[in-house]
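Chains as they are written, first to last, in the numbering used here: chain V, 92 to 420; chain H, 311 to 667; chain A, 184 to 763.
Hint data in this document are derived by calculation from the structure and do not stem from the laboratory. Please note that a few of the clues may not be correct.
[Said to hold, decoys possible] A few chain V residues facing chain A, derived, Cβ under 7 Å: (1) SER124; (2) SER145; (3) GLN150; (4) PRO151; (5) THR153; (6) LYS154; (7) THR194; (8) TYR263; (9) THR265.
Note that the Cβ used here is the ideal one computed from N, Cα and C, for glycine as well.
One-letter residues, chain by chain:
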Amino acid sequence: MLRFLIKRLLLASTTLVAISIVTFLLFFAVPSSPAWVMCGRNCSPERIEQVEHSLGLDQPITKQYTDFIKGVFVGRTIDDAGTIRECDAPCLGYSFRSKEPVTDTIERSLPITISIVVGAMAVFLTVGIGLGMLAALKKGTVFDRVAIGASVGFASTQTYTLGGVLLLLLVYSTGILPNPHYTPFTENPVDWAGGMLLPWITLGLINSALYARLSRAQMIETLQEDFVRTARAKGLSPRVVNRRHALRAAITPIITIAGVDLGAYLGGVVITESVFSLNGIGREAAQAVSDLNLPVVMATVLLAAFFIVAMNIIVDMLYAVIDPRVRLG
Amino acid sequence: MTTSTSPAAAAVDPEAYLQVRDLKVQFPTEDGLVRAVDGVSFSVRRGQTLGIVGESGSGKSVTSMSILGLHNPARTKITGEISIGGQNIVGMKEEKIQKLRGKDVAMIFQDPLSALHPYYKVGVQIAEAYKVHHPSASKKEAATRAVDMLDRVGIPQPQRRANQYPHEFSGGMRQRAMIAMALVNDPALVIADEPTTALDVTVQAQILELLEDLQREFQSAIIMITHDLGVVSQVADDVLVMYAGRPVETGSVEQIMKRPQHPYTWGLLASVPSLHGDASVDLVPIKGNPPSLINLPTGCSFNPRCRYAGQNGNLSFSEVPELRSAGEDGHNVACHMSFETRQRLYAEDIAHAGVAQ
Amino acid sequence: MRRKFGALPVGVLAVALVASGCSETTNETPGTGNTQNVVQTGTIATDPAESQGPAKAVEGATKGGVVKLLHAAEFEHLDPQKIYVSDALSMATQFARTLTGYKEDGKGNLKLVGDLATNAGEDVNGDCKVWKYTLKDGLKFEDGTPITGADVVYGISRSFDPDWGVGPTYIQQWLTGAVEYNTTYKGPFLSAGAEVPGLKAEGNVITFTFPTAQCETPFAVAMPTSAPVPKAKDTKGDYDRKPVSSGPYMIKEHAYDQFIDFVRNPNWDPATDPIRNAYPDGIRVEFGIDAETGANRIVADAAEDQAAFIWANVPAAVLSKTTSDPKVKERVKAGASQYVEYTWINTARVTDVKVRQALNYAVDRDAIIKIRGGVDQFGSTIISPTIAGYQNFNAYDGGQTGNPEKAKELLGGKTIKLTYAFPNVPVRQQMAAKAKEVYAKAGIELVLTPLDPATYYDSVGTKGNQYDLIRGGWGADWPSASTVIPALLDGRTIRDKGNQNLAYFNEDEVNKEIDRIKGLKVSEAAPAWAALDKLIMEKYAPLIPQYYIGNYEITGSKIGGTYLSDSYGHMTLNSMFVKQ
């Protein structure tokens, strides 16, 4: 296990470094400059140069990159247009736009994304897996057909459409639900949940549909397994057979997918965040890309990559815990 | 075991633990009705072993699943009678059958790697089988019982082994564990579905020996399902040969092995590798494939693969042969050929090939 | 020219590309109920009494409550010397007081008065070269420190910093007399200790000395460039997040991209302020709520949004809801903005005035306004109604939908072929197709040439281009045509690249008149500009004014006292209150 972990962590670090380099190179390959974005079209070339200088963009790429890496590990000093900023490790740089340490940007926006994602996942994992499993057990019945029919419907819906319709129906027209908003959980858990309800429902419904179909297929497959027959042959009740024997095996690949999904979502759920006007990490990232806000682009890309890589490691380790046949090494 | 000349009039053996009469198992599917088992009767006494032989698709496994009541009643039509210790389980409520399963009737499955749950320790799986029928037993008692059973089936260091997962066992060990699990509740009837197919020859012999030992000890009735007449010859007292869901020949192991009457049985015998003689001559598999159970050939369902079809006029192609006495007591065969023709053909074509015994 | 909030980075001219889609409209704007069809009569206050506080009370207004701005994105800047976009300009009025400011009554009367200063400015020698401002007594920053002339000078000095590259540049350019104003003096950080050229503070008196006449100084110092900044509290780059307030509200908490909470500034003295009523106890700005969501929420008028408002036009998707329900309609504030849309006629190519006049006769403004959704207003002048001295006229009156027959007559039976350049985006495509159809009736064939929107202004701004008709637009920085006509139609500014005079129009008569009006006092200049507008249109017709871009904003049901400000185009916070 330890060897596995060390190996994977090394691989993960390499991946992150590679991603950071590629992001950096891509950024400088874009035939535009953040200075243009900040300065507008009436900017003279001299002013562009000034802005670029103040952002440190006139330095060689290699120097900028090593500065960035150095900042991450030991911190660095940033000269922003005469404002000297001490940026402690882990320093991801200063946002070109908000003129704050990028870590602050992340600290502010990540909890929002986490709130959306964790709640939505709770919804779609319980509803999705629950429905899928029930449908599998009741395969061919009216329940199965209705559940699967509905899930096909929802799965083919876009967050954008469904979110908009739900906003219109549940908020603007009827006021049944509050406007989506973010209140820190620690401040007021009830308000936190209230503000997140609509994103949870929307993301929950769409993904429930996907997970329902997935779990149904998995469960049906597992129910055909020899060991399920063995369990029944032992005289176990269907309840025990389904729960202890079938569900446990069927759910394993779903957990893998859910884990990877979680990693991907934590990097930002741009559309959900936009539809519900929640400034999570996804929107920050999208904004940073359109602003060519390099430090934030770097940080959000790396963060997203980190979540995916980390969740992959966690899923693999979890897999080893769930399935004794899997050996880590 | 006894078999009647006509399945409908199957004789009742009062001493039999398991009595199956005119069992028909059908699965309605979108393509048509699958007649998986079409009128089978047999019985087994405690301490006796019945071998059910046939190729895959012959209905032998479906028969065994019926005895455990494992078919989904919503998707299966079962008629006839399956009497276990005097209780007919056809049409019995699921809750009641559950109480029989694993306790009175236990099953040893073909491939223990897939038949054991990959995520649970072997000891736990055995203990679970014990605990479900001994609800008053503590967890510890069940665990101890599991270790005892592993010991009983000849697994060294049973305490340690109980704490391992199925994938950590060798093939033979796994089958022993499977057997331990089946026998944990001292079942009166054990159905072993191809218990040795996945194993190599030496291990195979050990497992069969173990089964025999255990049978002597527990006095259980055993149904040995196999496509391998070699296995049958080693362990069975009686044999039922099935083809396309129907019995084609029944009799004592001696009658079937020494004086087989049905061309299909001949074919099976011929495909058993002998331990002596020319391998190229020995292995004569039955040509062709088993028929579709939805569209059986008219007449004798074996006719497309039978070299002797048509020996007796058009009967092979028009009439389903009934199971009739093959001369000796208890030996029955479903073949249109006359006893004499069969004797002659067997003597001329088959006997010299030899069979492993 | 300043950018309007919501504009694309390529600049102001892109603003007009935003709105899209058709919705049913009449000849009127959808919000006629509240449309401020007012004509700007703004002047500079001459009576010092007009610069004295407190501001005139609004009838029925009550103190208290918190108003909430639902805003799409974080303000680009809050540092007064960096602000140049309409939303931040409107916001800055509440925390960054300036030497002068606009006093409005919501009925179209706009007057430039002294805000920090005792009056709108003293032209010391009567030649517009030396301007003197005296600060009022009792002015304080949020921390209680008195505001002095040095703070104003320090604020202006910051705008010279070459690293910034943002914010208006009028004062800097006027003080140095150079377009590249920061070649010598580079602001207080890079040129520490050096004096700001032409700028002096003695106690409460600030003197601007310009090398050339700058009669519009009172307007220029109304921009937040002149906001005071306490040197001791200048956090440089971080000042942009939390500037020190000199106005009625100060920042209590600023969570970037999430929200800003403004609370009352206890050190603001209403007796010094002729402009702001400061009725609410606080202003909350929530970011990340796009115009559509914001408009939807305000239309829905849930309890939490009743004191909310937006500083963006109600988007097409929500527009019908604001016209169908009278209760919603009455919450709409609609009017013309300082932005005017034109079709330029490249006079270097279309040299025949008759053709240019024919193009003006045949234009179907009504159809074009409908394509844009209907919030814009019929416009046939170069300057917008928000500009001081504005005169409404239509030199080539073809009615609401144009008069192709009259155009044909002017062309005398000729048929002509013209190329028409426009940014290749859906709304512009629709408008171009419509123009082609309309002009065909007059015997003018348009060859549509859609151009890459990203480089559109580079293409059409290049002298000697191949386009006869060119889509464009303009907005004034302050309500004076001096930021419109000279910028657009002074032929001497034509360069090889980056032209704003897209008609490539160069007439001595006009150039001379521009010079003459620039030397006039503001009060005399205003009507002169309007007259020049008319002259240019009647005599030369170098462009076809299309419409005044409309403002169409909405508030929750509990907001009162506000109107569309003629100074920055958004609903004013000065007199806004929460209905109790």
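Tested hints:
1. SER124: 11 Å, violated
2. SER145: Holds, because the Cβ-Cβ distance from SER145/V to chain A comes to roughly 4 Å (cut-off 7 Å).
3. GLN150: Because about 15 Å separates GLN150/V from the closest Cβ in chain A, which is outside the 7 Å limit, the hint is violated.
4. PRO151: This interface hint is violated because 20 Å lies over the 7 Å limit.
5. THR153: 24 Å, violated
6. LYS154: 19 Å, violated
7. THR194: 13 Å, violated
8. TYR263: Where the cut-off is 7 Å and the nearest Cβ of chain A is about 4 Å from TYR263/V, the hint holds.
9. THR265: 9 Å, violated
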